[in-house]
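Student: Take a look at the letters that make up each chain.
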Amino acid sequence: MRDRTTIAAGLIVFAALALFPVWWNIVSAGSGSPPELEIPAGAKRCVEDKAFMTARHMELLDRWRDEVVRQGKSTYTSVSTGETYEMSLTKTCMECHPDRDAFCDRCHAYAGVHPYCWDCHMEPKGD
Amino acid sequence: MGETRRGFLKKAGYAALGLGCGLPLFGAAALGERRARPRTPAKQLGLVIDVRKCMDGRVARAAIEACHSEHNVPFISDPLEEVKWVWTEPFERAFPDQAHGRAPEFLRENPVLVLCNHCSDPPCVRVCPTKATWKRRSDGVVMMDMHRCIGCRYCMAACPYGARSFNWRDPRAHLTDVRAEYPTRTAGVVEKCTFCDERLREGREPACVEAVRCVPGADGAMTFGDVSDPESEASRLLRAKFTICRRVELGTGPNVFYIV
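Chains A and B supply the protein sequences, listed in that same order. If you read the first sequence in this note's numbering, its first letter stands for residue 23, the second for the next number, and so on. If you read the second sequence in this note's numbering, its first letter stands for residue 334, the second for the next number, and so on.
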């Protein structure tokens with residue numbers, strides 16, 4: 023058993039490499055906690071309730087996109103409040119959430135998703 | 334009396350023959366039914382362009398400028414990569430079947446304003462594999478869904494008017510003044526005129542028509558309207574004046590008309 027130290031060192035190196043994702047997340051703490059949800063100042067409520075918007079806003083936007091572009095519709099009636107809204111990312115959504123960094127990118131960066139909305143669409147210019 | 338083997342085979346043969354002759358008829362009837370299904374849209378928006386009133390270069394410039402700035406169409410000077418929604422063509426290229434050597438000089442020498450013809454039977458729509466382009470039932474506009482375009486360029490090959498442009502590179506690099514209200518495109522999608530569907534939604538007329546209206550002396554150079562409605566201004570013009578269309582012999586049914 024003269025190789026005991028070599029084997030132990032090898033095992034440690036192996037464990038360190040294999041567990042890299044675990045300890046890297048612990049070491050680089052900060053990026054590990056989800057970003058705080060920012061509530062737009064001045065706006066009372068969103069198109070749908072918070073839980074729905076957090077979980078399924080992308081589905082809503084996809085639906086809006088198809089209905090506006092392909093079916094020529096323009097208004098959306100909220101399921102939760104019954105109010106009607108214009109189906110527009112840059113007009114309706116960004117009226118209350120004007121800052122793309124705060125309301126889109128922070129969370130998307132954390133979740134590691136890369137929506138391509140902004141490849142074409144633009145943030146409305148600041149008033 | 335029992336059925337003989339010979340008799341049975343005979344009857345089976347006749348039955349097969351009868352079916353063989355009858356089925357194509359049924360098939361044709363079914364096909365005819367499919368064809369006869371109303372494919373014509375509820376209305377058909379069209380444009381009547383008065384070539385004489387567009388001879389002043391300012392008219393074409395105003396139309397192109399208004400359209401391209403409104404829709405963030407990039408300016409790329411290389412003709413192989415250029416993007417255009419409305420542009421000018423020499424008469425003999427716009428109307429290759431009409432341009433003869435004795436045509437009036439004003440026709441031969443002045444470029445014609447051309448754009449997507451929003452055809453009644455658009456070949457681009459037939460070939461699109463993703464339905465990113467389609468003929469809108471409500472008003473006959475040949476629409477584009479940039480979200481769905483995969484950039485295969487079949488539509489460009491199919492369009493006999495060259496009305497479609499492909500984004501070979503990121504168009505934002507070629508835009509000096511980006512208008513935030515209208516999206517740009519990305520590299521890898523095809524784009525074209527949509528008769529300003531975003532304006533039609535608000536009850537406004539296309540940007541080119543509106544811009545040309547403001548050019549002094551160009552009154553009536555472009556008339557936009559429902560060409561299927563006999564009461565519309567465009568229809569009235571079409572009845573009153575002799576008009577030509579680009580490449581009618583191809584059967585695409587263009588809806589941009591030229592008063593010559």
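Check before you lean on any hint, since a few could be wrong.
Capping the alpha-carbon separation at 25 Å, the derived lysine-lysine pairs in DSS-like fashion look like this [stated by the list, open to error]:
1) A:Lys-95 x A:Lys-113
2) B:Lys-344 x A:Lys-95
3) A:Lys-95 x B:Lys-376
4) B:Lys-464 x B:Lys-376
No wet-lab data here; the hints were simulated from the structure.
Student: Now, for every hint given, state plainly whether the structure supports it.
Tutor: Consistency of the hints with the structure:
1. Proposed proximity of Lys-95 (chain A) and Lys-113 (chain A) is supported: the alpha carbons are some 15 Å apart, at most 25 Å.
2. Proposed proximity of Lys-344 (chain B) and Lys-95 (chain A) is contradicted: the alpha carbons are some 60 Å apart, above 25 Å.
3. About 17 Å separates the Cα atoms of Lys-95 (chain A) and Lys-376 (chain B), which keeps this hinted pair within 25 Å; it holds.
4. For the suggested pair Lys-464 (chain B) and Lys-376 (chain B), the alpha carbons sit about 21 Å apart, so the restraint of at most 25 Å is met.
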